[in-house]
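Colleague: Same order as they appear, the protein sequences are chains A and B.
Quick note: the first sequence uses UniProt numbering, first residue 1, plus one each step.
Quick note: the second sequence uses UniProt numbering, first residue 1, plus one each step.
Hints are computed from structural coordinates only; laboratory data are not their basis.
One or more of the hints may lead you astray.
[To be verified] Derived DSBU-like pairs: lysine-lysine, alpha-carbon spacing no greater than 35 Å straight-line:
(1) B/Lys88 / A/Lys503
(2) B/Lys44 / A/Lys503
(3) B/Lys86 / B/Lys177
(4) B/Lys88 / B/Lys113
(5) A/Lys38 / A/Lys60
(6) A/Lys368 / A/Lys314
If you're wondering where the values come from, they're calculated on a predicted model, not measured in any experiment.
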Amino acid sequence: MDRWDPIELTSTFRPVLEPQEVIQTTQDQVGLYDGRVKAEDYPNGTVYLTNYRILYIDAKDPARKSIGLPLRLINGIQHYGGFMSSSPKITLDLYPRSANADPQSSTDFISSHGGGGGGLDSSALAALTLNTEPSWVCSCCYNSNQGGLAKCTVCGVRKPQGSLETPTTPAADPFHFIESIPTNTAIDTPSTNEQPGIACPACTFHNDPFMIHCEMCGTQLQDQDSMAFMLHRQQQHQRSISQLPSTLSQPSTSLSTTPNSLDMTATGKLSAPGKFMAGMSNFYNGSKPTVEDANSVKLSFRAGGSGSFQTLLKSAVGNKAWENKPKPRAVETARNQSSSTTIESGSSSPSIQVGGISGIMRTVESNKKVADETLSEAFRDLQGLMDKAAEMVALAETISNRLSKSSNVNNEETATFKTYLLSMGIAAPVTKDTAGAVFHKELARELVEFILPIVEREGGTMSLMDIYCVFNRARGVELISPKDLYTACELFEALNLPLRLRKFDSGLLVIQTLARYSDDEVSTAITTRIQNLPPGAGLTAVELASAIQISVALAQDQLLMTEARGLICRDESVEGLRFFDNLFTHWEI
Amino acid sequence: MSQSTSNAAQGLGQATTLASGFQFPSIHNFPPFYTLQPTASTWKNQSDLWGTIIMRYYRHHRLYQLDLDDSTTNDQLFNNQRINRKLKPETIQAIIEEMVKKGDAEWDATSRKRRAIIYWRKPEDWAAMISSWVFESGLNNSILTYYEIAHGENSEDQEFYNIHPTVLQKTMDVLVKRGVAATFQGANFEEMGVKFFNAGA
Numbered sequence: 001m002d003r004w005d006p007i008e009l010t011s012t013f014r015p016v017l018e019p020q021e022v023i024q025t026t027q028d029q030v031g032l033y034d035g036r037v038k039a040e041d042y043p044n045g046t047v048y049l050t051n052y053r054i055l056y057i058d059a060k061d062p063a064r065k066s067i068g069l070p071l072r073l074i075n076g077i078q079h080y081g082g083f084m085s086s087s088p089k090i091t092l093d094l095y096p097r098s099a100n101a102d103p104q105s106s107t108d109f110i111s112s113h114g115g116g117g118g119g120l121d122s123s124a125l126a127a128l129t130l131n132t133e134p135s136w137v138c139s140c141c142y143n144s145n146q147g148g149l150a151k152c153t154v155c156g157v158r159k160p161q162g163s164l165e166t167p168t169t170p171a172a173d174p175f176h177f178i179e180s181i182p183t184n185t186a187i188d189t190p191s192t193n194e195q196p197g198i199a200c201p202a203c204t205f206h207n208d209p210f211m212i213h214c215e216m217c218g219t220q221l222q223d224q225d226s227m228a229f230m231l232h233r234q235q236q237h238q239r240s241i242s243q244l245p246s247t248l249s250q251p252s253t254s255l256s257t258t259p260n261s262l263d264m265t266a267t268g269k270l271s272a273p274g275k276f277m278a279g280m281s282n283f284y285n286g287s288k289p290t291v292e293d294a295n296s297v298k299l300s301f302r303a304g305g306s307g308s309f310q311t312l313l314k315s316a317v318g319n320k321a322w323e324n325k326p327k328p329r330a331v332e333t334a335r336n337q338s339s340s341t342t343i344e345s346g347s348s349s350p351s352i353q354v355g356g357i358s359g360i361m362r363t364v365e366s367n368k369k370v371a372d373e374t375l376s377e378a379f380r381d382l383q384g385l386m387d388k389a390a391e392m393v394a395l396a397e398t399i400s401n402r403l404s405k406s407s408n409v410n411n412e413e414t415a416t417f418k419t420y421l422l423s424m425g426i427a428a429p430v431t432k433d434t435a436g437a438v439f440h441k442e443l444a445r446e447l448v449e450f451i452l453p454i455v456e457r458e459g460g461t462m463s464l465m466d467i468y469c470v471f472n473r474a475r476g477v478e479l480i481s482p483k484d485l486y487t488a489c490e491l492f493e494a495l496n497l498p499l500r501l502r503k504f505d506s507g508l509l510v511i512q513t514l515a516r517y518s519d520d521e522v523s524t525a526i527t528t529r530i531q532n533l534p535p536g537a538g539l540t541a542v543e544l545a546s547a548i549q550i551s552v553a554l555a556q557d558q559l560l561m562t563e564a565r566g567l568i569c570r571d572e573s574v575e576g577l578r579f580f581d582n583l584f585t586h587w588e589i
Numbered sequence: 001m002s003q004s005t006s007n008a009a010q011g012l013g014q015a016t017t018l019a020s021g022f023q024f025p026s027i028h029n030f031p032p033f034y035t036l037q038p039t040a041s042t043w044k045n046q047s048d049l050w051g052t053i054i055m056r057y058y059r060h061h062r063l064y065q066l067d068l069d070d071s072t073t074n075d076q077l078f079n080n081q082r083i084n085r086k087l088k089p090e091t092i093q094a095i096i097e098e099m100v101k102k103g104d105a106e107w108d109a110t111s112r113k114r115r116a117i118i119y120w121r122k123p124e125d126w127a128a129m130i131s132s133w134v135f136e137s138g139l140n141n142s143i144l145t146y147y148e149i150a151h152g153e154n155s156e157d158q159e160f161y162n163i164h165p166t167v168l169q170k171t172m173d174v175l176v177k178r179g180v181a182a183t184f185q186g187a188n189f190e191e192m193g194v195k196f197f198n199a200g201a
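Isolated chain B, as found in the complex (with noise of 0.2 Å):
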């Protein structure tokens, strides 16, 4: 994993590895890597490979949403209690504001950069990933409500099941802008309706 021959790294021990499954990389046990860094060079080293350890880990936990308040603070993605090293809430600000820059995150409009939006899947991924769902189950050329899509039976056992409304919203936005999906207001999100074409529509 590391290319470094330095003690440092020799120093960080194995790396972490949580009840859920998730390893943590070993850098996740640095100490500097808490600290914002003042150089410039090195904070974008250090914001991207946060970024990258911050989208796994939402990944692999299925997570969309990240909001800045203690809960967070206190997850052992930022509190690594080994080391007795925590990120500060600014620190956690900077790195999601670096994610936001490259698309791979974005701010609540409405929660002044305190709730952010981790894109660990882009919206046009998603966007693929549903629509051959939908035409692979047949469900295409009939309506479907986003609580079908998020929460229904049959899209259980797919990676979006329980997707952020949000990002089921900015999937859907992709789809229409395609060409290949229209959507239905309904009494509230979860009965928006959308519609799949046919393939050659």
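Next comes chain A alone, as it looks inside the complex (with noise of 0.2 Å):
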């Protein structure tokens, strides 16, 4: 627990956010767990994800048990699933504090070798050539194909997304290929001694350790940490190979079925090893059992969403958005960079090839990436104005600061355009997306932040409608249906929000500020109005809304409450409903 910091909290207890910070999705009913052990003070809570920060607040005790988790300590994400009564698990790995200095190393490395999931059969192997175009193992049939070629020379399915390109314009710094010369003991030792072979979750059969997919029923046997580890391993296998000397360039099948052997004479040739030996140990501390529990945190899900969850983090981990914080100029371009990243690893992880039935799903599901990836190139200027909507709202912050700090300025001019500002925008609206189950309950805190000060200036009471305006207009392009704000008004008083949603007889929906509630103070300021109008004077409805800066229909309504406690009296004619004093109450002749 003590990697998690102290957040701020905005007065409805929603997490104050910093510059740029974007909440993408949030999940209620949530505990957590320090290593294996639950974490006692932190047993339920509602839990934002942003693009830099995992934030926990607490639902009892939110003003002192909220803290935040910078997203740039995580090193390895594991979800589990939960069974019967175990709720599911998201299981956050630390970079220990030692590795802190250089955090990047370890994800680039994911990032950057998880597109060269390749199969790991000894045929893939056996295929690796110094040709230009990298050859590419058919998904259905298992044949290699020459790079070139777009669809299997066998049976004619196509060319998997993200099959085996493995680079041939590889390893950007040769310091990496160093680094990554392998010696036997480097790969046998974890292989052999901590993996045995790996017993299906599903079917309960031993496949080989190298094998990430059951051969027999296609359930996945490796997480992702141990299988982009094994993706590098064997790149580092296949540069290896083509770093040998001419004579064992050419690939041979007793070369391909007996890596060892290969590994030995590469060994042979070049070594350093105790550079790499260093690094991967320094990789494998990271997500180790035995040293997990002083560097994991876990996140247990009792009301479901671990799902999208996981994979909003993985996005939000991924996309390294803390790294631009500094420069809000750049975020256009970073989020788009770092969105197409996302969804290069995001198709090419999950696609290991393997045939039968899994193999045809997985085809199925990179060709949805690939229209995910279409869309959002279709939809790239909407995000980009979006972004440039964050901006536009912190340079609108900005004028309206420098206004208020010039005072040469026509005054009435300033106060109508500092309306303007103000109407201008929630640079983060909460949405459905962001949200999810508690969307209503968050809604309605951001409505009371965005509204609170309105409502006040307009006197403490305003019309729904006038608020629904207001809010969606702040709102841009993320409107709300009225429904929707109908609900999240109903949760002011259960949320203990200092605003209150209020129906007169008439039908008409308020929201009013908590002393504006009573209707003693609302009477006594429309009787003491009355009274001190000019001598044969009513007041209308229209006038006193003008009067008051409220709609007329509320207006309406507050005279006529005033007018059933007895207070005032109406007068109906040609000229309209005016109301006057009650000269009745204390008249004698």
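Both chains come to you apart, so use the hints to assemble them.
Modeller: Spelled out as structure tokens, the structure:
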């Protein structure tokens, strides 16, 4: 728990976001685990995922028990689907404190090499040549095809999207290569010692430790981290092959079926094992069970939602939005880049070549990813607009601040301009996507934060219709439906927020501040106003509305309420309905 | 007159005085006075005020019968041209209804609430007034016709001169009930007779 920091909250107990920070999703009824032990102080709360942090806000005591964890500390993510009464959980492996200095290296490592997920069988290795076009393995029949071909020569199945396109333009940094020269021990020790064979959780078949999907049923055997590790290892392996003397560079069955001997040869030629070992052990430390407790955190999802949370968390970690934090101008480009890398890594990591139904499923999936990519390409402009929107809001705030400092401007103009700016924006509106099950609660909180100053300025009461307009205008494109607004307003009381939804007898719905909620104050104010009118004059709803800046319907309702209390009386004539002081009460003839 | 200090009360201006010498209270110039107030307590006060004004007006002008027709609604009593307000017939009807409840008025049974008698004096008061007049003028122990009471020479200076027949009948009913007088059938209403007994009888 010592890795979490206390966070700042708004008056409605929502997190205060940093500039450019955006909430990705929200999930309630989440408990925290410190390593494997339940964190007693954080048993149940709402978890917000932003592009920078994971935030936990306790349901019972939000003021004191609210903490945040920067995403940059996250090294790996594991998902546990839950069983019987055990809730689904997401385990976050954190970088050990010492490794914090360079936390990126490992993520880079996963994302840059994740694309190389190739078949691990011997034919794939055999197909490795120094051709400019990398060869690929058919996902259906396992035939290895020449790189330039778009379809399998045997079965005609299309080349899968993320297939084995192993780098012929590899290793941008030669350093990587030296580091990655494997030794016998480097490769074999972890695999033989720890994983003598992986039993499939679905069918119990004992698979080769290299398998990522079960040979029998296609079930995924290993988590993302070990997968990434294996891919990495395989690539090193391939590179080591390509670095062999020319006699060895031609693939042969003997070579490929006995990779260990090949490794030995490679090791004999080039040796820098120590450095690699250091790197590997460092990498391993992050996810090894023995050190896990100190460097991992578990989120337990008691009300579900772990799946989508994990997906978003992964993309948030992959996006690395925090790197662009200080330069808001660069956001747009960064976002584009990062979104495209997300798509790449997203599409490539699961596309391990397996035949059968799971292979077909995977093809379908990858096709879907392509479609998604096309869509996001198409809407990139819109995304750009949204990003700009945040900047525009920031600009508006700056101008507003500047205006409040300079006093030589015409006051009325300034006020009007400020009103425009005020109604301009909610930078990161709560949406159904980001808030999920707690959407209406979050909406209610956001609404109060935004609308409270406006309602107070309007005299403590605003009709729901006005609020709907103002609120939606501020939300820009993330419009909400009247029903959502109504549902959110109904939650004010339950959430103990300083506004109330109120229904007048006529059916008019208004939002009132708590102070305004009492009829006494309103009716007294109206009676006083009417008594102070010039002699013989009455008050109409329109006059009242313009005098105290409320809507006519609301003014009418307040007048009727005051009338029903016997404080004022009415005069109906061709000129309309006017209200007068109730002279009848004390009149004596 | 007014106990309210509000500007609205000051704005009512001087009370209107009619050519007949009747003076309306200044509330008569209050625009809301001509609208049926939907709030129960306000309406109670309003209808009470109207009842008082109607009775004063009827007493001043010696009127007994109120008909819900144009001539009544356009009367100065219900139509204040100074502030351009008039009571609607329904509102007048509602006011009379309130008066009936208090015994200040009575609907004519055959008129379907289109005609009412305003009792600016109660039949009991009339009964006392008529019987004292009879005894003072020594007309007891002789038979008087209703006409003599309502329109006779002897009663010209009396308040019940030109009394409404229905009110007169009600008054006589009270006297008969008390055992002070006995009535005798005549050919028509005006020929009905009444005999007052001695006080001791």
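Colleague: Okay, which hints does this one fail, numbers in order?
Modeller: 3
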